[in-house]
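Trainee: First residue of the sequence shown: 2, per the numbering used here; consecutive thereafter.
By construction, these hints were calculated from the structure, which means they are not laboratory data. Keep in mind that this is a model prediction, so the values were computed, not measured. Just so you know, not all the hints are guaranteed correct.
Simulated pairs of lysine-lysine, DSBU-like, Cα-Cα distance not exceeding 35 angstroms [said to hold, decoys possible]: (1) K72 / K87; (2) K93 / K72; (3) K137 / K72; (4) K58 / K72; (5) K130 / K145; (6) K106 / K87; (7) K91 / K106; (8) K91 / K145; (9) K87 / K137; (10) K106 / K72; (11) K106 / K145; (12) K202 / K91; (13) K106 / K187; (14) K184 / K129; (15) K137 / K106; (16) K184 / K93; (17) K202 / K191; (18) K202 / K184; (19) K145 / K191; (20) K187 / K93; (21) K187 / K202; (22) K145 / K129; (23) K93 / K106; (24) K145 / K187; (25) K130 / K91; (26) K62 / K72; (27) K93 / K58; (28) K106 / K130; (29) K93 / K63; (30) K187 / K137; (31) K93 / K137.
Have a look at the derived ranges for each label pair, beta carbon to beta carbon [claimed, not checked]: (32) N66 / R188: 49 to 59 angstroms; (33) L109 / R188: 14 to 24 angstroms; (34) R117 / T154: 29 to 39 angstroms; (35) L71 / R188: 42 to 52 angstroms.
Using N, Cα and C, we set each Cβ at its ideal position, and we do this for glycine too.
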Amino acid sequence: MEENKELKDEEILEKAETVEETETVGETAESTENEEVEEENSENTGSDDLSMIRNLKEENKKLSNELETLKDRLLRLTAEYDNYRKRTAKEKEGIYTDACTDVLKEMLPVADNLERALAVDGNVDDLKKGVEMTIKGFLNSLDKLGVEEIDTTNGFDPNLHQAISVVEDENLNSNDVAQVYQKGYKRGEKVIRYSMVTVAK
2 MEENKELKDE EILEKAETVE ETETVGETAE STENEEVEEE NSENTGSDDL
52 SMIRNLKEEN KKLSNELETL KDRLLRLTAE YDNYRKRTAK EKEGIYTDAC
102 TDVLKEMLPV ADNLERALAV DGNVDDLKKG VEMTIKGFLN SLDKLGVEEI
152 DTTNGFDPNL HQAISVVEDE NLNSNDVAQV YQKGYKRGEK VIRYSMVTVA
202 K
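Can you build the whole structure from these sequences, using the hints too?
Mentor: Here is the structure:
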């Protein structure tokens, strides 16, 4: 009886030891498996970081190239604008010079005629006739340049005339030009000089 009991106790102990060994082996296998998974995860995380760094470098390179392209374009635009500004200023100066030349070409004959009139000996009537011919030549020159005298026969117009005084005159209607002190001239719609006039009220 005691022997059977001892045998059973031994069997129980053996089984317990077997169970403990099995549990230890299982724990060892599980910990080894966990370590492998962690290593695999760390490897994956490392490769993800490398991939992210690679992508960031590529994006940085792309942005740097775009920045250089934009800088180059900006420099070109600045240079083009500077050239355009200089060219426009030169053209503007050329237009002004050409316009002055055209006007002076028409005015020089008038100056020549005045000089001739001074050089000629004659009476007052001859001198007067010479001045009239010079004025006629001058008006022809203005006509060639597209300059015309401002009309005052249609009444006072503040856009064309400058009133220096107002007078009462029974022979004139209100707002009529009574007298022209200085003739005005215009070229097209541009007034060169306003007519200085007296206006009837």
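Trainee: All hints, please: hold or fail.
Mentor: Hints versus structure:
no.: 1; hint: K72 / K87; verdict: holds (23 angstroms)
no.: 2; hint: K93 / K72; verdict: holds (31 angstroms)
no.: 3; hint: K137 / K72; verdict: violated (64 angstroms)
no.: 4; hint: K58 / K72; verdict: holds (21 angstroms)
no.: 5; hint: K130 / K145; verdict: holds (23 angstroms)
no.: 6; hint: K106 / K87; verdict: holds (28 angstroms)
no.: 7; hint: K91 / K106; verdict: holds (22 angstroms)
no.: 8; hint: K91 / K145; verdict: holds (27 angstroms)
no.: 9; hint: K87 / K137; verdict: violated (42 angstroms)
no.: 10; hint: K106 / K72; verdict: violated (51 angstroms)
no.: 11; hint: K106 / K145; verdict: holds (11 angstroms)
no.: 12; hint: K202 / K91; verdict: violated (51 angstroms)
no.: 13; hint: K106 / K187; verdict: holds (19 angstroms)
no.: 14; hint: K184 / K129; verdict: holds (20 angstroms)
no.: 15; hint: K137 / K106; verdict: holds (16 angstroms)
no.: 16; hint: K184 / K93; verdict: holds (30 angstroms)
no.: 17; hint: K202 / K191; verdict: holds (28 angstroms)
no.: 18; hint: K202 / K184; verdict: holds (21 angstroms)
no.: 19; hint: K145 / K191; verdict: holds (16 angstroms)
no.: 20; hint: K187 / K93; verdict: holds (22 angstroms)
no.: 21; hint: K187 / K202; verdict: holds (26 angstroms)
no.: 22; hint: K145 / K129; verdict: holds (24 angstroms)
no.: 23; hint: K93 / K106; verdict: holds (20 angstroms)
no.: 24; hint: K145 / K187; verdict: holds (13 angstroms)
no.: 25; hint: K130 / K91; verdict: violated (45 angstroms)
no.: 26; hint: K62 / K72; verdict: holds (15 angstroms)
no.: 27; hint: K93 / K58; verdict: violated (52 angstroms)
no.: 28; hint: K106 / K130; verdict: holds (24 angstroms)
no.: 29; hint: K93 / K63; verdict: violated (44 angstroms)
no.: 30; hint: K187 / K137; verdict: holds (18 angstroms)
no.: 31; hint: K93 / K137; verdict: holds (33 angstroms)
no.: 32; hint: N66 / R188: 49 to 59 angstroms; verdict: holds (57 angstroms)
no.: 33; hint: L109 / R188: 14 to 24 angstroms; verdict: holds (19 angstroms)
no.: 34; hint: R117 / T154: 29 to 39 angstroms; verdict: holds (34 angstroms)
no.: 35; hint: L71 / R188: 42 to 52 angstroms; verdict: holds (48 angstroms)
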